[in-house]
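Student: Now for the letters of each chain:
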Amino acid sequence: MNRSGHPICGAAALAALLSCVASCSRDAPAAPRVEEDALTVFAASSLREVFTALAADFEREHPGARVSLAFAGSQELRTQLEHGARADLYASADTEPMDALARAERVAAPVPFARNRVAVVVSRQAAASICTLADLPKAERIVLAAPTVPAGRYADELLRRAALPLGADFPARVMERVVSRELNVRQVLAKLLLGEADAAVVYQSDVAGRPELTALPLPEGVLVVATYPMATVVGAEHPGLARAWQELVLSTRGQLALQDAGFLPVAGPAP
Amino acid sequence: MSVRAERLGLAAWAALLAAFLALPLLALLVTPSFAELKAGLDHPLVAPALRLSAFTTLGSTLLVVTLGTPLAWILSRARGRRAAFIESALQLPLVVPPAVAGVALLLAFGRQGLLAAPLRALGVSISFSTAAVIVAEVFVSAPFFLQAATTAFRRVDERLLLVARSFGASPWRVLGRVAVPLAAPGLLAGAAMAWARALGEFGATLMFAGNLEGKTQTLPLAIYTALESDLRAAQALSLVLVVLAFALLALTRVALARGLSGVEARA
Numbered sequence: 138m139n140r141s142g143h144p145i146c147g148a149a150a151l152a153a154l155l156s157c158v159a160s161c162s163r164d165a166p167a168a169p170r171v172e173e174d175a176l177t178v179f180a181a182s183s184l185r186e187v188f189t190a191l192a193a194d195f196e197r198e199h200p201g202a203r204v205s206l207a208f209a210g211s212q213e214l215r216t217q218l219e220h221g222a223r224a225d226l227y228a229s230a231d232t233e234p235m236d237a238l239a240r241a242e243r244v245a246a247p248v249p250f251a252r253n254r255v256a257v258v259v260s261r262q263a264a265a266s267i268c269t270l271a272d273l274p275k276a277e278r279i280v281l282a283a284p285t286v287p288a289g290r291y292a293d294e295l296l297r298r299a300a301l302p303l304g305a306d307f308p309a310r311v312m313e314r315v316v317s318r319e320l321n322v323r324q325v326l327a328k329l330l331l332g333e334a335d336a337a338v339v340y341q342s343d344v345a346g347r348p349e350l351t352a353l354p355l356p357e358g359v360l361v362v363a364t365y366p367m368a369t370v371v372g373a374e375h376p377g378l379a380r381a382w383q384e385l386v387l388s389t390r391g392q393l394a395l396q397d398a399g400f401l402p403v404a405g406p407a408p
Numbered sequence: 223m224s225v226r227a228e229r230l231g232l233a234a235w236a237a238l239l240a241a242f243l244a245l246p247l248l249a250l251l252v253t254p255s256f257a258e259l260k261a262g263l264d265h266p267l268v269a270p271a272l273r274l275s276a277f278t279t280l281g282s283t284l285l286v287v288t289l290g291t292p293l294a295w296i297l298s299r300a301r302g303r304r305a306a307f308i309e310s311a312l313q314l315p316l317v318v319p320p321a322v323a324g325v326a327l328l329l330a331f332g333r334q335g336l337l338a339a340p341l342r343a344l345g346v347s348i349s350f351s352t353a354a355v356i357v358a359e360v361f362v363s364a365p366f367f368l369q370a371a372t373t374a375f376r377r378v379d380e381r382l383l384l385v386a387r388s389f390g391a392s393p394w395r396v397l398g399r400v401a402v403p404l405a406a407p408g409l410l411a412g413a414a415m416a417w418a419r420a421l422g423e424f425g426a427t428l429m430f431a432g433n434l435e436g437k438t439q440t441l442p443l444a445i446y447t448a449l450e451s452d453l454r455a456a457q458a459l460s461l462v463l464v465v466l467a468f469a470l471l472a473l474t475r476v477a478l479a480r481g482l483s484g485v486e487a488r489a
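Those protein sequence lines, which keep their order, are chains A and B.
For the record, in the first sequence the residue sitting at position 62 is 199 according to this note's numbering, with numbers rising by one throughout.
For the record, in the second sequence the residue sitting at position 198 is 420 according to this note's numbering, with numbers rising by one throughout.
Just so you know, the hints here were simulated from the structure itself, not pulled from any lab data.
Source: prediction; values computed, not measured.
Among these hints, one or two may not hold up.
[To be verified] Just the calculated beta-carbon pair ranges, DEER-fashion:
no.	chain 1	residue 1	chain 2	residue 2	range
1	A	245	B	473	51 to 57 Å
2	A	302	B	243	43 to 49 Å
3	A	237	B	304	34 to 40 Å
4	B	308	A	392	54 to 60 Å
[Claimed, not checked] Over 12 Å on every C-beta distance to chain A, these chain B residues come out as not near it, computed from the model:
no.	residue
5	273
6	333
7	429
8	437
9	443
10	448
11	453
[To be verified] Chain B residues, not near chain A, derived (Cβ > 10 Å throughout):
no.	residue
12	318
13	340
14	451
Quick reminder that beta carbons are idealized off the backbone N, C-alpha and C, glycines included.
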């Protein structure tokens, strides 16, 4: 038996395995890696386009800094942060997860940076027969976000408010047509865009720039407006960069970018 | 190195992976207190998800076994490159990420998919229904059964089949009365694997069938949804899933062992 061969084979195998693992982690998707001078931002999925554009601006203004963005449902990001995920900044589509994190002292000093109208949206084909909110139960398939997702909570609230002008059974009639409650608002939008749903409740910012979708006019008092807060995560590795990001978002340029994307300004009259 | 030292070293090296795999499952078992577990199981998401998972996995496994047995039989008897190609192609759902499988199912059977027109003509709409859950489960679990069944059929002694045919048995009779009983342990193991895979299916179900309590929210989807609001429910549900899967796999081992010994005695 060749005794000296075994340790060499073992070492070679181990080295190969380690190099494979190392290269695999370089190509790992979605999960934000904390690198040198990389700001890690956890943001609600409705902020995808706007924050991606702002990240490009940020990187230009702060040479050497990189912005790493992770988008998901606000509730999902909150769970990750509660379980020790490493991020520098958290931007949520609802004050509830943010307040919970603040109470648990996982984030410091949340500040609102935008608002968003909740919109009932129909696809082009469905728009022919569904023109007002009262027509919504006519839709064959409606998709909402799950009740744990901010967009899902807002949808439930909107339906509750709609019971006043449209009848106490309106929410029930709509819920009969709901076929799925997705785990973030972009999944809802995807089902609508794929043609798998006729109507959905998403944000006004999701409709902006999508001419194939129509937002239904909402009767008086049915309006639901989401407030988006952001905060630096306690124990963040790049608190300076996080503060600079907050400044950018709250600056005139950041606010204009948000409004161009369909968001509402933080302060001001309800539309 | 002495023989004893080498043996210990081998055992230690092997123990690394075993410990790594066992630890999270152990954590699932010991972390929640009994009271927390009970509270978790009382969560309203639990009962509908359990019922739905039981119903859909039973249905999908039955479908996979009934439709997969003749397919595996033919594949096991076929020779040539075309058969080998088809066999490999049928393995694809194994390597395709479940989310991709979900998108693919939408593109095939969805409202704007390849089969949209004929399905609409029949008045059938699959996506976002309980049927869609079964379809997704069949898609991801079938290759497990096919692989095991084909191997099991290949192990059946050709001579026994020849004897059966020489006695005038028709192809169906050969399959049903000779091949299946002889390959039964392997078929059972394959069915159990397919069942376990269907039980754990998440990505394709979420994409193709959606997430609606009582209709399409299976155990894994309920766990994911519950995770964001009630950790105890998620833990309890996860434990249920693990216990179920473990029971299934244990059953397979017993059946396989007993079946194999039976086959050896008969042969």
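Student: Now, for every hint given, state plainly whether the structure supports it.
Tutor: Cross-check of the supplied hints:
no.: 1; hint: A:245 / B:473: 51 to 57 Å; result: holds (53 Å)
no.: 2; hint: A:302 / B:243: 43 to 49 Å; result: violated (57 Å)
no.: 3; hint: A:237 / B:304: 34 to 40 Å; result: violated (59 Å)
no.: 4; hint: B:308 / A:392: 54 to 60 Å; result: holds (59 Å)
no.: 5; hint: 273; result: holds (18 Å)
no.: 6; hint: 333; result: violated (5 Å)
no.: 7; hint: 429; result: violated (9 Å)
no.: 8; hint: 437; result: violated (8 Å)
no.: 9; hint: 443; result: violated (9 Å)
no.: 10; hint: 448; result: violated (9 Å)
no.: 11; hint: 453; result: violated (9 Å)
no.: 12; hint: 318; result: holds (16 Å)
no.: 13; hint: 340; result: holds (17 Å)
no.: 14; hint: 451; result: violated (5 Å)
When held up to the earlier numbered hints, the structure conflicts with 2, 3, 6, 7, 8, 9, 10, 11 and 14 and fits the remainder.
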